[in-house]
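Chemist: Protein chains in written order, with my numbering: chain A, 1 to 142; chain B, 1 to 142; chain C, 1 to 100; chain D, 1 to 100.
If you are wondering where the hints come from, they were derived from the structure by calculation, not from laboratory data. For glycine and all other residues, C-beta sits at the position ideal for the given N, C-alpha and C. Mixed in with the good hints, there may be bad ones.
To be verified - The calculated DMTMM-like cross-link candidates involving lysine to aspartate or glutamate, where the alpha carbons are at most 25 Å apart (straight line), are:
#, chain 1, residue 1, chain 2, residue 2
1, A, K37, B, E24
2, C, K23, B, E53
3, A, K58, D, E60
What the hints assert, rightly or not - Facing chain A, according to a computed beta carbon distance under 8 Å, are these residues of chain B, among others:
#, residue
4, S17
5, C25
6, T28
7, Y34
8, R101
9, E109
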Amino acid sequence: MDFFELTTDPIDITSVSRRVIPPECGATVTLDGYVRKFTKGRETLYLIYEAYEPMALKEMQKLILQAKTDFEISNVGIVHRLGRLEIGETSVAISVAAPHRRAAFAACEWLIRELKRTVPIWKKEVYADGEEWIEGDRGAVV
Amino acid sequence: MDFFELTTDPIDITSVSRRVIPPECGATVTLDGYVRKFTKGRETLYLIYEAYEPMALKEMQKLILQAKTDFEISNVGIVHRLGRLEIGETSVAISVAAPHRRAAFAACEWLIRELKRTVPIWKKEVYADGEEWIEGDRGAVV
Amino acid sequence: MIGLYSLRHICKNVSVGEPGSLKLKVLFFGATAEAAGTRSTVLEIPPGAASGNALKKVLELYPELASHKLLFSVNQTYARGDEPLNTGDELAVFTAVSGG
Amino acid sequence: MIGLYSLRHICKNVSVGEPGSLKLKVLFFGATAEAAGTRSTVLEIPPGAASGNALKKVLELYPELASHKLLFSVNQTYARGDEPLNTGDELAVFTAVSGG
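One chain only, chain A, in its complex shape (with noise of 0.2 Å):
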């Protein structure tokens, strides 16, 4: 549902937003994904992902340095989540915290889009009837 408020309560913001976040910015963009119930109408039941560590965490590093050369960001929190996911719940989060939001939206976006194209990480999907590994349509990494 949608919702808008005002409060003069403290906003819950997650660790990871926040563990990017040095004096000196003012924005911090965060993309969070998750595990969708429906993929093209099939029913997914749950998730399992599955990574190549050393060099997935080898790669988002990789990530990081270029983005915080391409880009005017301060910091920068790659999480991702492996095993068994239930429908729902967070497979990745990107926060990026820069001191003015155009460079984190940007960088953000990139950021996503390029881990889904170069960290060894591969997903299974577990439906009703069946389950498959998601193949990536993604081109060269080299």
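Got chain A sorted already, so can you dock chains B, C and D onto it with the hints?
Modeler: Frame of chain A, contents of chains B, C and D only:
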């Protein structure tokens, strides 16, 4: 600081972000705006936010309706805080859930830009040596 | 932007306390509340006065507001200056917003 | 994309078990682990063989892999096929990634 992790534990994402998620969506983009310590080199001690509350709520609702017309998004959440805010505390959170992340990024960026232009909320910066109500530099809202 | 100066031209004639005059609630926020020294007041305007007339009257009563770039609203909707007014309407006068 | 077919052309000659041959650790993930029926193996390749030669050998040993669009890496870096190899190097063979 930067961080990058792989984890098999649940990733904690804010209540703001999670409240906008319907089952058909796959991505939520959240803008977290917070109190900067330094603005143009001057140190802020804390901020006071004040709103014309009923009109601010109406304007926030208008923004959500417009965003849902203009972008392929599912749900929007906006929370703005009022009163005294310390450095680093979140002043505004905007979350947009969408089937495809591109629309979520575009809508979230549009929403924060329009919120800062049209929603009747004002902030007073309190410095060590004085204070001032910040006046927006944005033009016509009618 | 509907600012101070253009609104002055909309205003043709303002008189106060006439028989049948309308009573408006007027609100100030942030910088305008500080400049006016109050957060609200009641304003009487003649029947048929538009929102721009009412704003001009507010500026006459609170000249400290004139140093600010102002926006205003009628009944919680941004106003252009030509909106007709009725007793009980809520006029708010404020600076360009700075939330977010 | 460095795919299966172009890599076959890089491979000139592969022989196994030669004196002085190199031993590689080979890893599979997700769809390739299921297709290969294992998550890792050890591969012997002749001295001087490049990463593309090693990949071709893997595909001969695990022909079920051929139905997938494959990527591969050497020591946790994406490989093009011409990388020289040493004993102990880690070759990973996997499908286009699908994280996020």
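Chemist: Does the structure break any of the earlier hints, and which numbers would those be?
Modeler: 3
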